[in-house]
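> Chain by chain, the residues:
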Amino acid sequence: EAQVTQNPRYLITVTGKKLTVTCSQNMNHEYMSWYRQDPGLGLRQIYYSMNVEVTDKGDVPEGYKVSRKEKRNFPLILESPSPNQTSLYFCASSKAGEAEAFFGQGTRLTVV
Amino acid sequence: GENVEQHPSTLSVQEGDSAVIKCTYSDSASNYFPWYKQELGKGPQLIIDIRSNVGEKKDQRIAVTLNKTAKHFSLHITETQPEDSAVYFCAASIRGYSTLTFGKGTMLLVSP
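In order, the protein sequence lines correspond to chains A and B.
Heads up, the first sequence stops at 449 in this note's numbering, and the numbers go up one at a time, no gaps.
Heads up, the second sequence stops at 1196 in this note's numbering, and the numbers go up one at a time, no gaps.
Please keep in mind that the hints were generated in silico from the structure rather than gathered at the bench.
Among the clues, some could well be false.
[Said to hold, decoys possible] Pairs of lysine to aspartate or glutamate residues, derived as DMTMM-like cross-links and limited to a Cα-Cα distance of at most 25 angstroms, are as follows:
| # | chain 1 | residue 1 | chain 2 | residue 2 |
| --- | --- | --- | --- | --- |
| 1 | B | K1188 | B | E1167 |
| 2 | B | K1142 | A | E437 |
| 3 | A | K394 | B | E1099 |
| 4 | A | K394 | A | E437 |
| 5 | B | K1106 | A | E435 |
| 6 | B | K1141 | A | D396 |
| 7 | A | K394 | B | D1111 |
| 8 | B | K1121 | B | E1099 |
| 9 | A | K355 | A | D396 |
| 10 | A | K354 | A | D375 |
| 11 | B | K1142 | A | E435 |
| 12 | A | K432 | B | E1123 |
| 13 | B | K1126 | A | E338 |
| 14 | B | K1152 | A | E437 |
| 15 | B | K1121 | A | E407 |
| 16 | B | K1152 | B | E1099 |
| 17 | B | K1155 | A | E399 |
| 18 | A | K432 | A | E416 |
| 19 | B | K1188 | A | D393 |
| 20 | A | K432 | B | D1143 |
| 21 | B | K1106 | A | E399 |
| 22 | B | K1126 | A | E367 |
| 23 | B | K1155 | A | E435 |
| 24 | B | K1126 | A | D375 |
| 25 | B | K1188 | A | E399 |
[As the list claims (entries may be wrong)] Calculated from the model, a selection of chain B residues having no Cβ within reach of chain A, i.e. all distances over 10 angstroms:
| # | residue |
| --- | --- |
| 26 | V1097 |
| 27 | D1111 |
| 28 | G1127 |
| 29 | L1130 |
| 30 | D1143 |
| 31 | I1146 |
| 32 | H1160 |
| 33 | Q1165 |
| 34 | P1166 |
| 35 | T1185 |
Beta carbons are placed, not taken as given, at the ideal position from N, Cα and C, and that holds for glycine.
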């Protein structure tokens, strides 16, 4: 089954404790991205990657890091999480040249 | 960069009525306009899209219209059903660049 898989689905952590949210896709898509969803603000892009070892900032990159060492994986790293990073996070992938994005199920992160 | 405005933020209709959600975009270079449906606890899922060389597209009870001159596009759902209740997002992109800019979303509530 074609899918984008995120882990974990739910995470509660404390301020300053480094965490990683994993994202994996099995569709051989070149393009992957991370979004955060907040009430009243919709989906905002954090980082995106056009291919392996190619990443770039989206609209709200502050406080986040990403890496793309393999085509299928695109982890999101919060080196020192803060409460304003409490949000619902989505990973998405798409085929190069095709804008249709396939989304994961989401990761609800709470930073206390 | 691109900016997408979406209205209304909430929409309540009776089962069987029609629902219309409207979006405007700012970048005249955008040429791909998808609509995503997000059900509770799930990631957004593409329901219909339209490209700039087409003025209207239909798929059963849903349709999308595009006015490139005015830079706005709309989602129309006819004969609404309770299972249509969800958050709907419009988006715009320059096809081939694989970057979607989303509207803030519309929560559609269909009452039986």
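> Hints broken by the structure, by number, lowest first?
Of the numbered hints, 3, 6, 15, 16, 17, 18, 21, 28, 29, 35 do not hold.
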